[in-house]
Structures are given as C-alpha cells and as structure tokens.
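Q: Each chain is listed here by its residues.
4 protein chains.
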Amino acid sequence: MILPISRCLLQIFVLTTLECQESAALTLFSTGLGLAPLNLAAGPEHAEFLEPFLSGEGSPLASLVFSEPGGVANALERGGKGFQTTARREGDEWVINGEKMWATNCAGWDFRGCELACVVYRDITTPLEERQDPKDKVMIILVTRGDLDRNGEGAFEVVRHVATPGHTSVSGPHVRYTNVRVPAKNVLCLPGKGAEVVFGAFDGSAVLVGATGVGLMRAAFDAAIAFAKRDDRGGVVPLLERQAFADLLSGVKMQTEAAMALTWKAAHAMENGPGEYDARRELALGAKVFGSEAAVKACMDVINAVGITAYELDQPFSDLLNTAVVLPIFDGGNVGIRRRHLQQLMLSPTYDAWAATYGPSQE
Amino acid sequence: MILPISRCLLQIFVLTTLECQESAALTLFSTGLGLAPLNLAAGPEHAEFLEPFLSGEGSPLASLVFSEPGGVANALERGGKGFQTTARREGDEWVINGEKMWATNCAGWDFRGCELACVVYRDITTPLEERQDPKDKVMIILVTRGDLDRNGEGAFEVVRHVATPGHTSVSGPHVRYTNVRVPAKNVLCLPGKGAEVVFGAFDGSAVLVGATGVGLMRAAFDAAIAFAKRDDRGGVVPLLERQAFADLLSGVKMQTEAAMALTWKAAHAMENGPGEYDARRELALGAKVFGSEAAVKACMDVINAVGITAYELDQPFSDLLNTAVVLPIFDGGNVGIRRRHLQQLMLSPTYDAWAATYGPSQE
Amino acid sequence: MILPISRCLLQIFVLTTLECQESAALTLFSTGLGLAPLNLAAGPEHAEFLEPFLSGEGSPLASLVFSEPGGVANALERGGKGFQTTARREGDEWVINGEKMWATNCAGWDFRGCELACVVYRDITTPLEERQDPKDKVMIILVTRGDLDRNGEGAFEVVRHVATPGHTSVSGPHVRYTNVRVPAKNVLCLPGKGAEVVFGAFDGSAVLVGATGVGLMRAAFDAAIAFAKRDDRGGVVPLLERQAFADLLSGVKMQTEAAMALTWKAAHAMENGPGEYDARRELALGAKVFGSEAAVKACMDVINAVGITAYELDQPFSDLLNTAVVLPIFDGGNVGIRRRHLQQLMLSPTYDAWAATYGPSQE
Amino acid sequence: MILPISRCLLQIFVLTTLECQESAALTLFSTGLGLAPLNLAAGPEHAEFLEPFLSGEGSPLASLVFSEPGGVANALERGGKGFQTTARREGDEWVINGEKMWATNCAGWDFRGCELACVVYRDITTPLEERQDPKDKVMIILVTRGDLDRNGEGAFEVVRHVATPGHTSVSGPHVRYTNVRVPAKNVLCLPGKGAEVVFGAFDGSAVLVGATGVGLMRAAFDAAIAFAKRDDRGGVVPLLERQAFADLLSGVKMQTEAAMALTWKAAHAMENGPGEYDARRELALGAKVFGSEAAVKACMDVINAVGITAYELDQPFSDLLNTAVVLPIFDGGNVGIRRRHLQQLMLSPTYDAWAATYGPSQE
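Residue numbers (the numbering used here), protein chains in the order written: chain W, -2 to 360; chain R, -2 to 360; chain B, -2 to 360; chain P, -2 to 360.
Pairs count within a copy or across copies, as identical chains cannot be separated in the list.
Keeping only pairs whose Cα atoms sit at most 30 Å apart, straight-line, the calculated BS3-like set for lysine-lysine is:
1. Lys78 - Lys190
2. Lys226 - Lys78
3. Lys182 - Lys78
4. Lys294 - Lys226
Rather than coming from a laboratory, the hints here were simulated on the basis of the structure.
Work the whole structure out from these sequences, hints included.
A: Structure representation (structure tokens):
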C-alpha cells in the first residue's frame, strides 16, 4: 500500500518544490511518512486510525515520531543505549515517557499533538537480555490526538520549537511524553518488528528526499540561467557566454538530470522490481544520498556562478542553499545512518549488486 | 536509422565492457560511429556503401575520420582555421589531402585502410568568403577501401601508430591522405550540411561513451567489493566492515547507478522523446560528460580503497583507470567540445531545459 | 605602507574570526581595504585624509567604494560599459553621480557616510576614444564625511540596506551619489592609474579573505570535534571513533592547515618576495580562491558529519556556513574576477610560475 | 638525526621529481626511509651498520622492510594477526621467516639483498599473552647483505618482481626469508619499541611523499601551460585564453602552492616545532594525504584540459598520472593507515589541534 502513496507524493513534491514551497511540500511529505508504517504493518484492526485521512475532511497531520534529542544513529547497535523514549505495559495500556525531536508534524497545527503519531520507543516492560540487541526491544504505537487529549494537560508538551536556517514554516519541535497512557490495541509493531518497519518507512522516504533534491536543483538552475541570460556584469555579452559561468551551470544541469533519472528508477524499482527488496532498497538509499549531496553542491555552484548578487536575501539562492543543507542530514543522516545501511547491504552474504537493473544474478 | 544500431551497440558495449574487453567494444563501437553519418544523411544513392556491413560476411570496419593532429576543438569558430584536411573538386572527382589522427579503425585491419571511412574535410574549391564560418565549408565524403587501393601506394599512409596507456588493442593512428582521388558520387554531405551531420553522429556516440563509463565503473566496483569481502589486511574483520572503505564503495555504486539511469534515459529520449532534438541532445551530452568523469573518479576511488595492491598490474584496477582516462577526452573532449556544445544549447533562445522529461514547456 | 597594515589586520582578523565575531572583523578589515588605495597611491598632499585614522580618537570608518548594483566583473573589458558611477570635472571640482553597492562601511555608522570613502568611478569629462579601454577612464577620488555633509541633504543616500544570510552586523548598502561635488585636490588616481590601484588594493585584501576562510574553518573544526568527543548518538563510543565521521574531520583539518600555510606564504611573499610583483600577486589570489572555497566545503563537511543537530540555529554550524558562503563571491568573485586575474597572469609573456618560491627563473 | 637527512632528501627529491626522474628519486628516498629507524633508535653499538652509507664509496641501498603480501594496515589492532614475518630467538641469533612486499630497495641492485635492511617482524619466541596487543610483539632487526650472503643460497629469495603502471625503474619485489639467521646484536628495537619506531620513520617519509606530490603537480602544470600557450586546437587564440582551460590550470596551480606551503610547514615543524610531537606529526600526515590526493587530481585535471593529446604516451601526462596514482596508496595507504593515524591523534585526550602553529594551548 505504501507505494501508490509515495507515487502521489512524488508528483506533489516535485511540483511544490518547483515553486519553492518547500515547507508545504515537507508538511505533506511528512504526513506520508507518518502513515508509512501503517502501510507496512497495519492489519484490519488498525483501520480506524486511517479514517481521518480518508474522510476528505479537515487537514489531518500524521507523523513518524522517531528521532530524539541525543540522536539515534547508533542507538540500536549491540551495546547501544536504545531509544530513550520508553513504554511499559501496565494492564491493557502502555505508559509512554521520554523526549522526541525533529519529527515533522508531531505537534500538530496547535502544538497539542497531531491527528496520528507513530511513536517509536523502547519496551522496558522486561529488561534487555544479554543475547538481545537494542533493536529487539523497538516497538511502534499509534498515538492519536484523542489519546493525548484524554491524558490531559502536561502529558504531551512542546519543550521548544527548534529554530533552523531553512524550512522555517515546518514544525518538528522538541517534545516530551510524560506518563502518556495509550490502549494496547494501538500497538502497531511488537518488539522484533518495530525496527524493520521504521526502517522500511524510511526506505520509502529516501526516494522522496531524492526528489526534493531534484526539485531544489531545478529551481536553482532555472533561477541561475535566467540571471545568466539577462545579466552581463557590465560586459559586452550575457554572462552565459562566459565559459566559467556556463560550465558551472551545465554541471548543475547534468547532476540534476542524473539525480532525477536515479530517483525515478528507484521509485519505479521499489514498486515494480526487478530484484529482491534489498537490491531495490539500495537504489532508494542511493537516491537519497546522491540527490541530497548533489543538491547542496548545486546550490553552492549556482551561488558561485551568480556571484555577490546571490548573497541578497531578495534572491532565491541563499534560501535554496539553506533549504538544501538539511537534505543530507535529516530523514536519516547520510553519514551516520544512510551510508551505514548501504554498508550493511553490501556486507550481506546475499548482496546482489545489479539485481535492481538486471534481475537476480544466476550465480 | 541510427538509433536501433545504437541500441544494439549499447547492449554489446555494456556486456563486453563488463568483461573488460574494452578494446573489442571500442572497435565495434567505432564501426557504429563510422556508419552513423550515413544513418543521418544517406540517400538511396549511398546504399552500395552499406552493403559490406549488411552482407554478414567478413569483418568490415567503418570509421568516422574526424580528428586531426593539431586538434579541431576550435577549428570551426569564426576566424578559426577550419579542418586541415582539405579537398578540391576536379571534374568528377574530389582530391583529398591532409592528416588525420585518433579515428578508430580508420586504417583497417592491415593499416591500408578500412572498408568505409567517412572523411570530414574542408572544401577548398573556392575560398572562404568573409560572411562565412569555417563550418560552412565542412564536407563529408565516403572513402572505401577500394578507393584507396585504386589510388595506389603512398596515397594513404599510416604516419605512426599512437601508443596510449589504455585501449592498447584499438587502432586510431595518425594517417595521411596525399592526392587521394574519390568519385564525386561518394560525397555524403555538401558544404553547409557536413558539420551538422558529424555533430549529430557524435550526439549518438555520446550516449555510448556514457555506457562505457558505466561498464567500467561496474567492473571497478565488482572487483573492489570482491576484494573487500575476502581481504582483511591482517585485521579481525573483512575490509568492507571498515566505514572508510565502505563509503568509497557505496559512493562508486551510487555514481554508477546514477550514470546508468541517466544514460538509459538519454538513449530512450534520443529515440522516443519527448522534446525537440536539442533537448534530447542535451541529455546525450550530459550522459557523456557525467559518465566519463564519474568513471575516472570511480577508478581512483576504488584504487584508494583497495590500497597498494591496486598498483599491481596483475590486478584490474590500473588497467581500468587507464582505460577510463580517455573517456572524458576522446569522442569530443569534455572541456573543449562537449561542454561547449552544452553551453551553445543553453544559449539558444529556444532553450527548454526540462523538455526531454516533461515535453515542451507551455510558456 | 600597505603591508604592515595588512599584517596587523591579519592577526586581528584571525583572532576575531576565531571568536565568531566575523562581522566585527569584516568592519575592521574593510576599513583597511578602504585605506589601501592611499597606501598604494597617496602622496604627501593626501596626508590630511589619513589624519582621522591616526589620531587615535573616535571610531572612523573607511571604505573602498567599488562595486555597483549591476556588477562590475566585466565592465572594464574592451567594449564593456565601464563604471556606471561617473564624475565630470567642472572647474576645481568633480561632480559625482551614480549608484554603488556592497561597499562595506560606505555609509558610516549613521548611514550618512563614512569618514573616508575611496570612490572608484568613470571620468566622463571627455568621451572614451576608440583606442581606449574602459579602464583608461577609471579614477579614484577621496570623499570625506565632511564633503558629503557640505553637499547637503539628498546628495548621498542609502537606497536600501541589503539583507543577507550572514554577516548581518556588517553594512554594505546600496547607495546613491547625486551631484556630489568634491574638490579636485581629493583625486587620488587620475585616469590610467585608477584601475591598477584598485586592483592592487584587492590583491592585499585577497590574502585577508584567505585568512578569513582559515578562521572560519578553524571555528567549524573546533566546534565539530568538541561535538564528536562528547556525543555518541546513542552508541557505545564517541562519534569520533567512527571512521566516516573522523575522515570528514581530518579532511577539514588538513584543508585548514593547507589554506593557512598558503595564506601565510602569500602574506610573507607580498611583503618580502622573492619574485616580481605578479608572481607574488598570484599567491595572494590563490589564497583568496583556495581559502574561500575550502571554507565553504569545510562548513558543509562539518554539517554532514554532525548531522541534524547542525541544523539548529543554536549551534554555530549554519551561521558559519552562511558566513563562509560570501567568501568566494565578495571581494572580487572567484568565478568572474579572481580567476580571470589568475588567467591574465598566466597569459602574460613574462609569467614565471614558481618565482614567488624560488625567485625569478634564469631562462 | 633524522631531519637533516630528510631535509637533504627533500631538496633532491623535489629537484629530481621536477625532471620526471621519479624512479631515481624514489630509490634515493627509500634509502633514507631505510635508515630512518636508525636515526630514531640506534645507539653507539649500531654505528657499524651506518658505515657503508658514510664511506662515500659505492652505491649502498637501505630499505625499511615493512609491508607484506596480505597487507598490514589492520594487523596490529587488538585481535589482529600481527606481522606474518616472524623471528624466534635461538641462542645468540634470531631466525627469520616470512614474506615481504613493496619494500623499495630491499633486494638491492642484484636481487640478492640490499646493504642494509630494517626488517620489521613479529617475535614468536613466546606466545602473545591475552593482555597484549599484536604491536607489543613488533621488533626491528638490521639485516645486512653480509648476513644474507652468510646464510647461503635460498635463505633470501625474490619471489617475483611486481609489475606496476608507474615507477617502473624502482624495485620493491615480493621476497621471502627462510630461516635467515642474524646475530642478536643486530636487533634495533626490542618488543614494545618496534611499532613506535617504524611509525616514526613513516612520519618522516610522509613529508617526503607530500613533496613528491608537489613535484609531480609542478611537472604537470608546467607541461600543460606550455601546451596551452603554443596550441590553439585550430582556433583564433591560444588555448589558455579559454576560461574552461585556464580555470583547470589555475586550480592545479593553487593546489600545488597549497600543498607546497603545507609540506614546507610540516617539514619545518617536524624539526623546529612548536608543539608536542603529535601536533607536528599531524602536519606531516596531512602533507602526505593532502599532497598525494591533490597530485592525482591535478594530473587528471591537466589531462582533461589538454584533451586527447594527453593520451599519447609520447606526452608526459599519462606517465605523470600513473606515477601519482601510487602516492595515496603507498608509504601507508591514506584510507587504511594514514587517516587512521589522523583519527587516533584526534581521539587522544591531549589532542591540541593548533599547537604546531601557535604552540601548546593554555587551556
């Protein structure tokens, strides 16, 4: 069920990014990410949670509540600390405590909670056994706005809004859960399943981040070439006649085309194959890492080409840069998370490098 | 007619490259390039020239005889020198004089000429007029092995074989034409048409160079990951467990995937659109520049990952590098020719940046 | 006289940059740049203009008023438009008209003018002759606060403050001169000398921009390594134990060391040689281009290493990036101006590549 | 005692490299490296071993015999395999067994051994205890040609010459020691000291590799600019007038200047400080990594600028590339060894980032 959604989002995302409405795009995108775990793991018993999103009424927000103030990149390694947001089973309820951060939409439109949060946490009902990894304790529970309201004042709090250099209309604040009680029926993933589902959700979002990078690069290129055709910096020809300028632009263009082709292939392969899931997942991760890093470089190249005019806030360029800067570090930072996943894929004994293109190899 | 051929070649090329048979691949590829001008410009009257290649007998070679010892990157600019290989119309014949170099296959299997050479030259029958560009004098003539034989000893000579660090089984020698007389019916392109056709031929080959880059990157990646899984440099884990090694490899992998996706898209767009020819051509040029530069970088990244073992000639890595090094500089050097074409495309008043993806823009 | 000043500034600059007081540093630096033309061209008759800066009283600001709203990178090429700020000699006065932009300090502390402005303009007293370049008309005149006050309301206006993503406490607004009359004795450079002096002033500032880059890189490194030693993202070891993180940091470190060594060598060579001026100038330009581009890359590398935490405005990283971004594009943009100067140096028939290291070559 | 030698070598090396005599330079350099452990660890009792090198007669070669066929990058980590070349104390002798590779000069002029080899090996007289690292067993012993001769036929064998794409006149073959008996007085470093001394020797050589990189870059730049001034590829101006060409060249130039300044500073700091040894060592490692990687990039940039002509073996460019390619991977590969040392330095609790510039920090 995930991929039709991601396909829609892809279109919306590229379009909106094109108009530099990155924050609107990210808000939409994050609702998609917030629903992704349901696409991967929900059974008929979870149908009620999707209702607000299918009713066509209101503007419900969903959120995948994953990251924490101290970071989680290494939290699930053997010996790691695991998630610091925990829950304990008490009777027919789970009692959630802990702090989260960077989860877009998690506080909803009014900072009192979104319609549906997929909260990722560590089960502390029983202690971690020696033979277990921290990831064996990862669970996902669905926390609705109704649940938060029922828990009353102080159960869910926004600790602070996080000021950032870009995406300034998006909200992913530092929040705190204090003894939030949620019915056991809200559990989406039991221990042993939660980590897989949350990473699966991020596999889907990886493609969308690649698409965001493409959108930003496209906006940067379009703005720069328009400038280069009308501006001459006092000389006898438009700037685009200068090789040094043109080579920066054509470099951005071909990086954009490469990232776009890779993102499309990844989106197509995730839905249609060929290859096992891991081979297709490698493309998705590649689209995220390649597209995000290319976007930052493209923004800088364009700034260097345009020159000092690009430093004006009236121009789109510094906004584009500050918007792009987050792509390599959010939605699973490239260095700490996404490249680690790529490494794990390559280390797998069943790694089949080109299967997402040619199908499983015969050997 | 060009694109089915290029599609076949694409498959052959990727396959053969995969087996590190780059020289065989390049020989095949260059026959395709040698025939490309016919695909673009031949009429029924040129059918006889294709016969050897359709007969299924022998191993005929074709060659696009374009480059010259002093280079041609700037020869066609206003005021430039034009091609140094010239021909003069005398009665029913053209008399060709001059030197060429780097034209793969041009000397055939025995250094006495290939079955079919598309020779690009400057018409000196009448002098260049002031209002003309050097490109207004560019012609293409078909010179067969039979023509060369008929001209006798000394008319076509191999001045020297050019020793190169890679592609050592390919022949693109420095050759000289001395008063080679060819019937006027062999003319493929009259002045005013030759430049367009030769650049059109290179647009097609651009995609194939992108594919070559992909093939080399794939070979480099496959060799490096095999090494990384079996070798530990004396340590407790395979090299691939080391982040520094893995990040070089995953970087190569995603560059390869991006170049492959871009090359495929370019090949598809050249045949199927959407967009005007120039928009599709931009993708082809991008595949050449991006793929060729990525291939060199990939070879170096892999060498740096593998370490000193990669410096052994017994290993494939230095061969791959020396094979890849030529990709950015042959078939129209990126700096002097390909990026200049990209600049010209961008400068066009009808430039439509994203038409090869979304179709012509409405504005 | 220029270089002792630049040496002092170098120290001040590096120190202040280290404390992230980039705006204070830039204000100081720009006063040095504003005085630099006097160091290069002033005679005894200009002594009065320096007095406010030697008196030790007040906080006088100087400014080199050079850039213009439409840019000047190509304005001095043959056929170019020349400076759009002009002046005409009328009796014992020059009458200045035109708009300037990006000249730090030019509007002084109160937006009514700084103590001393070296205004670069085009002499329109007589028309440009065919045999002349636009640069043959470039002049520099000293405009004091007293001159502006005497010209009365409306003669010097701040058209707008330019909002920028970094250096937010620095002022380099868009200003307009309307019939500003200045005594002829204020002329610092007559036509034929102005361009050389203004570029000479920017040669000196090039080294200081290199130093700024070093300061920013140092600040970025220090902040990142402190983070990497205290943070573990939930894992069992500090982040610095991860190769992927450490390699980004050691890369930044060595780039910083290289930029610092180059900047020092350039500063030393500018004062002490060996080599002709052009050879030493090449080092200064190199320090600017290399140091500025390395600084931007270092900020991004550090952001990628730190991850999402770097996107908080509370952290220094996005400020550092937005401060660094201007280095390649101000003080003579690298693409449009600085690299063009490097190209001109290389093209000179007397180019002597290694003279600033080994002294003039013997050949 | 090490640094005056390294200073001499530095001069020789740069000079010879300049003339493209890289193999001669490397042979000299490697004798310096072979003597370096004596500079660091020799007492009066080792004076006899230096005699052949001080006599001024003959052409004695020394060699630091360190690397092994399976690599040693991770051999000394806890749990690692340690050196595979071992020795056992038997009475007044050590009995050496095992294979080495890549040790320049180790086989001497006649493949029967050099005048003096500093052989690094693992002491297997007693087994490794649990509390020990493999590096606690590392020893260095001096093996003279006389020792090898005395051991007779078959004790020291050249298994194979290693064919490489560059440095083709240098010899660093795969060799084998079989029960080579050497007097105990030849021991230079007892266990617990060997690893420190061998890494100290490589700290010195790191600077020289930086210098080699500089020499190669200089040669590449000089050849390319000469080409760019005389060649026009058929156009109306020399290639150097083209911005795309010039920007590649000026980029190479400033990288060369930066690497040269860093290498000089590192060489100076290693001898004169300021800062503790580790701070100075960081500069030396930085010079190696930065200079080696810049050299490879410079060779490729120059090849891309020159275009297809650079692919001729008659031109210096592909030789320069194939010579440069080894710099990042020999003398301690950057990825597996040098950057790991940089990481260890940064991880040290006493790490003082800028002490080699400003002296120890006060905090």
